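**Student:** Take a look at the letters that make up each chain.
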Amino acid sequence: MNKNQSTKWNLDPAPESAGHVQLKTQYELFINGKWEKPNSGKYFDSINPANEEKLASVAHADENDVDKAVKAARHAYENVWSKLSGKERGKYLFRIARLIQEKAREFAVIETLDGGKSIRESRDIDVPLAANHFFYYAGWADKLEYAFPNRPVKSLGVAGQIIPWNFPLLMAAWKIAPALAAGNTVVLKPSETTSLTALKLAELIEESGLPAGVVNIVTGYGDTGSAIVNHPDINKIAFTGSTNVGKMIQKAIAGTDKKLTLELGGKSANIIFEDAPIDQAVEGIVNGIFFNQGHVCCAGSRLFVQEGVAETVIQKLKDRMDTLYVGDPMDKNTDIGAINSKKQLETISKYIQIGIQDGNEIYQSNCALPSNGYFCKPTLFIDVAQSSQLVQEEIFGPVLTIQTFRTVDEVIQKANNTPFGLAAGVWTDKGSKIFNLTSKLRAGVVWANTYNKFDPTSPFGGYKESGFGREGGLHGLEAYLG
Amino acid sequence: MSTKQKDIQIPDFRFTPTIDKVGVEERVARIQTRSIKGESKIQGMKMVLNMIDLTTLEGKDTPGKVKQMCYKAQHLHEAYPDCPTVAAVCVYPSMVKIAKEALGNSNVKVASVSTAFPSGQAPREVKIMDTKFAVEQGADEIDMVISRGKFLSGEYNFVFDEIAAIKEACGKARLKVILETGELVTLDNVRKASEIAMYAGADFIKTSTGKIQPAATMQVTYVMLMAIKDYFNKTGIMIGMKPAGGISTSKLALHNLLMVKETLGENWLDNHWFRFGASSLANDVLMQLMKSKTGVYQSGDYFSLD
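From first to last, the protein sequence lines stand for chains A and B. This note's numbering runs 103 ahead of the 1-based position in the first sequence. This note's numbering runs 355 ahead of the 1-based position in the second sequence.
The set of hints was computed from the structure by calculation and includes no laboratory data. This structure is a prediction, so every number in the text was calculated from the model and none was measured. For glycine and all other residues, C-beta sits at the position ideal for the given N, C-alpha and C. Treat the hints with care, as some may be off.
To be verified - If we take Cβ atoms under 7 Å as the criterion, some of the chain B residues that face chain A in the derived model are:
| no. | residue |
| --- | --- |
| 1 | ARG369 |
| 2 | THR373 |
| 3 | ILE374 |
| 4 | GLY378 |
| 5 | ARG389 |
| 6 | GLY393 |
| 7 | GLU394 |
| 8 | SER395 |
| 9 | LYS566 |
| 10 | MET581 |
| 11 | GLU617 |
| 12 | LEU624 |
The whole structure should be built from the sequences, with the hints applied where relevant.
**Tutor:** In structure tokens form, the structure reads like this:
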């Protein structure tokens with residue numbers, strides 16, 4: 104009966120071409136519609152984390168550069184942008200959205216080269232979603248009084264925006280689109296490891312004919328960000344990044360009248376009940392934790408499985424992990440690309456070591472990793488204690504902890520027992536169970552029978568140490584209106 | 356029930372695992388973004404050819420048409436060297452003898468539909484006679500249909516017993532059980548019917564007759580593959596899979612093959628465990644293979660239509 108002449112059938116490499124991409128060797132600061140050399144004359148390297156090769160030099164902005172950018176933004180706000188009708192502002196945003204779509208392929212390739220995420224994700228998720236955010240907020244620009252009826256709506260002024268390295272272009276879109284739609288001007292700083300798509304966006308904005316100074320992009324490290332936060336002429340700070348930096352920002356602006364939204368870390372619970380569609384739940388676990396190499400603030404990094412199906416779910420999860428393609432982010436078949444930076448890989452490895460030393464059961468998928476670049480195997484830790492560092496702290500990598508539970512009350516208690524509260528996932532065939540949990544889980548987003556789904560119309564943000572304020576949807580627009 | 360299954364505990368089919376349709380669609384969409392290129396594409400296409408059940412199931416079938424199809428089954432395209440044969444030909448019981456003679460000592464199997472195919476609207480005795488006739492005529496494989504009406508009215512025991520009875524009538528012939536998923540409508544039903552068929556003794560489970568649309572969508576095939584995987588994990592018994600109807604391009608066939616690899620693994624990538632029920636797929640694959648050799652697409656006139 105067993106006639107297994109098992110054929111080895113492996114896919115050939117299917118690399119996306121980078122030939123059409125235009126990258127400069129050196130990037131300046133985008134201030135007042137012009138490319139300005141940094142005051143300090145300093146530049147830093149942007150590295151491709153998949154092969155550790157340098158992609159470009161990027162200007163390092165200091166306080167003087169930030170001051171210049173804020174002045175340009177203020178000037179544009181007072182003289183041009185706040186005087187323009189909503190309809191005219193909307194036209195510019197629609198134009199930017201369309202240009203992103205036109206250049207989608209180039210943006211996707213640069214995002215992958217610079218950040219290490221798989222081309223599948225940057226092509227199918229990051230870039231289309233970024234365009235959608237511009238489209239969505241473009242539509243609101245001339246309808247603000249209908250968005251918030253019976254109250255006067257007024258823009259805030261100059262917004263200082265600091266974005267992380269995990270979704271560089273998408274986060275720029277989340278920040279810039281609502282700010283501009285509401286009538287503000289912006290100074291935006293991308294992360295030092297992933298500046299390139301923000302700079303390409305600056306080129307695109309230049310091409311769109313947006314009035315000079317409405318969007319200014321200053322690149323640099325933490326000191327550049329701190330210069331933005333501490334600048335006296337900024338009306339609003341929007342930050343996405345780590346909880347530690349978020350706390351520093353909140354301290355820094357205490358006593359000023361700057362408005363603030365923070366979108367910080369997370370340690371989100373993904374909860375699988377016995378009556379869940381198991382195979383689809385396993386897909387949801389994979390999408391929850393291994394999406395973007397786990398560099399997702401709302402990653403479903405704590406898995407709770409109901410006792411009766413725990414063994415099945417863990418076995419199926421292991422089997423599925425073994426079918427994931429880990430490696431060259433530019434290959435169209437890659438599921439999991441490179442870790443964004445050497446520093447982040449060291450952080451993740453540190454946590455994996457802690458997990459091993461604590462004596463937890465570990466499983467890593469049996470894939471070979473490329474010899475160059477920063478890569479990490481998808482990793483599970485099984486039966487981890489609630490008090491373990493792995494469960495308490497955000498790892499920001501492809502590392503999942505698994506705990507089992509018996510009753511609904513128990514899992515609600517454990518899921519909420521964390522300083523964070525960004526997202527959660529609930530998997531069950533029973534609608535009433537979903538609604539019971541959505542009202543009791545203290546998390547900004549609760550996904551039911553899916554995970555990591557984003558849409559411009561849907562607000563996103565956290566509870567507790569995951570931050571405050573919402574981005575996306577009408578809530579995201581409100582954050583830029585007085 | 357066959358001997359291999361006598362120790363297996365039969366589950367309560369009212370409580371089979373639930374399926375989330377949206378999740379299945381997403382999973383399948385992920386597989387369809389895979390890029391199959393170069394040598395892996397050629398290797399995959401040869402596997403596809405070797406897994407085809409070349410099919411003719413029409414009222415107007417003639418002995419001549421069946422003989423010609425049997426020749427094609429062994430000689431797919433002389434212009435392409437080292438072309439594999441298909442796995443089997445699939446015909447009505449009345450044509451089994453002709454097909455068997457035409458195929459002679461080749462490795463190509465003869466599969467026969469039975470049990471009042473395609474509707475299955477006949478008493479059990481008739482279905483058993485139909486099956487026994489096909490086996491006596493020399494069929495190596497029997498493709499039966501389940502009683503969809505009984506299934507939809509919740510009479511799972513009836514469906515189970517019927518499959519077990521046909522399995523007995525098959526003797527040494529391998530039994531493929533057609534669920535006719537287009538009539539079962541929901542993926543939950545597809546999962547349930549798959550389990551009933553496997554526990555009742557199916558050697559293969561098969562999506563469709565080809566007479567009802569939709570037929571072998573990747574979503575349906577995915578659910579059936581996962582059912583096979585769970586059954587294998589519980590019992591250690593491998594069950595074959597045959598999507599049939601609607602797979603007419605090499606791209607779709609390759610994505611089906613990749614889906615098998617990513618769910619059941621390489622062990623199922625063999626025509627003993629996986630088949631395509633198709634009539635026009637072979638020529639599309641041949642056209643792609645010739646293109647990979649010559650660099651240009653040839654017109655359909657260069658590929659025989661048997």
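**Student:** Hints first: check each against the structure and report whether it holds.
**Tutor:** Right, here's what the structure says about each hint:
no.	hint	result
1	ARG369	violated, 14 Å
2	THR373	holds, 5 Å
3	ILE374	holds, 5 Å
4	GLY378	holds, 3 Å
5	ARG389	holds, 5 Å
6	GLY393	holds, 4 Å
7	GLU394	holds, 6 Å
8	SER395	holds, 4 Å
9	LYS566	violated, 29 Å
10	MET581	holds, 5 Å
11	GLU617	holds, 5 Å
12	LEU624	holds, 5 Å
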